[in-house]
Amino acid sequence: MEKSHLLRRLLLWAACCSVCAVPVTVCAENEFHLGNELSITTNDVSGPGKAQSSLTKGARYLDVLNFYCNGRSNQLEYGYTIGGKATDDQLNDSKTFSLTNFQGRFSNKVHTLVLGDTFESFSQYSLNTAVKGGAYKFTANRRNTPEVTLLYGLAYSRWDNLWTSGAMERQVIGGRIRQSVGDDFSIALSGVQTIDHMGMPGLTLYDGHTFTLDAEYRPIPGLTLRSEASFSNYGKTETGAYSTSDGNAVRFEAVGDADPSRVSLEYERITPGYVTIAGSATPDREKVKARWRYKYTKNVTYNFGFLWFHDSIFDQKADRTDHYKPEVGVSIKRPFGRQYAVADVTYKLDTVYNSTTTTNDHFINFTYRDRFGIFDSDSNFSIALYDTTDSRRAQEYTYNTSLSSRHTVGPVILKPVFYFGGWTANEELAIARTTDYIFEYSGGLGVEVPTWKVTSSWKIGENRLLKEAAGDTMKTYGQANIYWRPEFAAKTQGMLFVRAFINDYRYSLNSANAENFRENSVTVGANFLY
Amino acid sequence: MKSLLSYLVFMLLGLALLTPSPADAKWWIFGQSNEEVSFSYLNLNRFSYDESGPKTSIPKGSLADGQILINGKVKVGKGNVGGVRISTNNKENWQDAKLADDGTFEFRFTPDLNKVIVLYVEATDTVGKVNDVEKTRKEVTIVDSNLQEVARGVLDALIAAYRAEDPAAFMRLVSEDYAGDAANLDRAIRKDFSAFDNIDLRYTLNNLTYVPGGKIFAAINYNRSVTSSRSGKTFSDNGSTEIVLKPSEKGIAIFSMKNPLIFGLSDAAEVATGSSAVSQPVIVVDARGTVVKVPAVVFNQIVKDETFSVTTNADGTSTVAVSTGSYTVNADGTVKNVTPATIRYSATVESGSVNLVYTGQPPVGFDFARGETTTGTGDFFITGGGPDKAYSWIANGASYQDLGTAVAIATLGSAPTSGYRTTTGMGVYLEAGHTYAFKLGSGKYALMEVTSASESFATGMMVITMRMKYKYQASGDAQFLP
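If you're matching them up, the sequences are chains L and X in order.
Numbering of the first sequence is given in my numbering, commencing with residue 1 and proceeding in unit increments.
Numbering of the second sequence is given in my numbering, commencing with residue 1 and proceeding in unit increments.
These are computed hints drawn from the structure, not numbers from a lab.
Possibly wrong hints are sitting among the right ones.
Derived DSBU-like pairs: lysine-lysine, alpha-carbon spacing no greater than 35 Å straight-line [as the list claims (entries may be wrong)]:
(1) X:K336 x L:K236
(2) X:K91 x X:K78
(3) L:K467 x L:K50
(4) X:K55 x L:K415
(5) L:K317 x X:K304
(6) L:K50 x L:K459
(7) L:K333 x X:K336
Here chain L stands alone, though its shape is the one from the complex (with noise of 0.2 Å):
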């Protein structure tokens, strides 16, 4: 086991590594452009409550670079791309160093090769993660020869894991067969199999593979049919316990795209036992969704959607839960006859069902955006009204509406915003019934210079939170960024900046105000891209 893991690492390490074997001068010949960016971040976090923060205290370097090239030789067309990230603070990452993209794609249209980072359109059952390893492609360009696509990699999220121990070792080997038949109608076979090499103590392990049929069929103009079947057989390790598991899932999709109306419907069924660890997909499910999008008028667009789902396909649980998600929605341009007015309103309703819980949830929002004066307004009034049987009932209102407009003062640009909003939730099954609120303003201003190449944004406001059955808390925040393209960075298309940030948060909860903290943040950095 160990001698196949280490072989398996040192194949896929050597099959990528080749992408350096192309002399650099061929890079020289054709396009390349490196990109970097690098910044220094000093934090301070003070107060009794520093812990809750999620800065890391001093200063602290982050540097991404990367590279990239692309060219021609004869037919044969290659592109490489490099990327590495560089940083001290943990909550960047863990890693001091690390290779965030290492990639080499050649092509001559026909034949195309991916070794390194890749990720290949299989349909969504079967494959919807990158792997480290390498893809071949054939696309013949002609009527009656499919398109084959064969794959292999391990599904890593990041390169370290290929060289350090302590990550899932998943290999992912993948084919697909896509034949088109016609300008209208496609049909595609993909078969992947997943196997969990190296797993870690009360983590699942998973061996197994998906068979999927996808199509789609144009018959008209602004018509697509789309139908996705797939098949899994699974096994499984848990807690040293071996089982195997077999399922299928089907989906059926149809968009039709033609002013005024945009209708899509779709159906899907997922049994309890299918499975798919390179893909997407939710077991136990059957879904039916449907969209319709009408424009009634130039200026008034109706939206509707309704989606249902249910699990326990086969009754297997005691209690079947269904989901109903239906909404509705107008959008209005000018209305009251005013030019730059826009207003949009929604409703929609969250049930969810079984034989002991029902819940409906509603959602309604009004938005409006107009120009008063010299002022562009964009307002917003929501209600949410919560009732789950015995767990939940509550009503909260969200409002908040934002003034912004923008003024030439000689070379200067001027552009002021203020917002202001607020939240209430009533709280009716408490023990207590309460009230609480949230209430935000803020003030701001951008300025601009373009003859220097700099702008600016710049941000003072507060947030209180006021609870009726606990302690209150309070965020006190500024903000300023400001960028500048210097002239004599134009060549790279190079940016300096700086951003810094200070939040105050203030806890009523403890008299002794064991939570209150501070942060200070200032980042300067710059980058380039050659």
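For chain L, the structure is supplied; the task is to place chain X on it using the hints.
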């Protein structure tokens, strides 16, 4: 209250229905044209042809299947629609679009990169009349944008909308065929905004991989803090997760997310389609909007159960009920106690005793995850020593702290979650009788008790022998007991 609100909603809908509409304003874009041949609507990649202006650039990565789609509907005054042709090279050549009987048409082509495409669209009726072709002239350039910048732009916009608690702005960046259903994510983020206040969320990219014209896979490290609207407490956590973006009619939009989620925590069971490995405590939200931070082992159980509940206790702890029992957790995500007592953190702990003997180069080390002695590598390795101590180097990415002499790992319930030190350019003495905690490069924890360390020159060379007991928590929790 509800009936009043329902009445208000239907009143507004009724107002919209009664809004006066010009006779032919039911059709899009080209409005009240007097031309005999015109377009009811014309789209470029599902966006209005007119709104993109006479010149436009399109990122290559945003093209579905790498193709540009032109579609629309022809309107004729007399007769029928005769045909629709598209030119992509400034009228040098024309190609027929696929045309239906009702006048709808579509045309797809694969553009060359970084080349200006000059488009014209020509429609004719059966009596020979043609639309004003010059009005349809458009220069389109497909640019090979730095994909990192495109993906980061989308992630930055999603985070900005989430921090601003703006569901409409957020959902504009969600694909309509989101894998966990866009409606589920929409409801979940609205519930997040009820549960959270003062949302602060930052990330760095670990990896970005894409299919040309298709999906983008992003692995990220995130770091966030939120204030619970219910309790008023502030929670912070950090971890890693994976997100897939894809081109859609809205542009690059979010397609799927794995646990631990950074958006839609209130309905993680429906929003997430998969899980990443978790080694740190994670913020979770139950169905009532109660926020709590739970250790990795509890989070993994929540993912399996798909449901859980949280009760806030008077002493500031919270009790999380899952199918296997209940965990009482502290505010920092560590476990205070477990019910029933049969639930064991120790189930995922690996332990043992090892003798490390250094006799010269290469150095001898130890790999906690494998439980093996190593040569020249490992989480730490010995290069020398002295009486009662071994001189060692800590591996890059790992950190340690000395817990002192009064601690035996047999009874040590957990490793500290903070206070670790890295050694840059310097070694550290591991002393007999001391217990050390390690935070490894994988983010997981290990404990080591040095029972003895000795130095000998009996063979004429320095031999360092260190005897140690160790524990390694494979689950990633800092908790080792019970």
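Query raised in the report: Looking back at the hints listed earlier, which ones does the structure fail to meet?
Result: Of the numbered hints given earlier, the structure breaks just one, which is hint 7.
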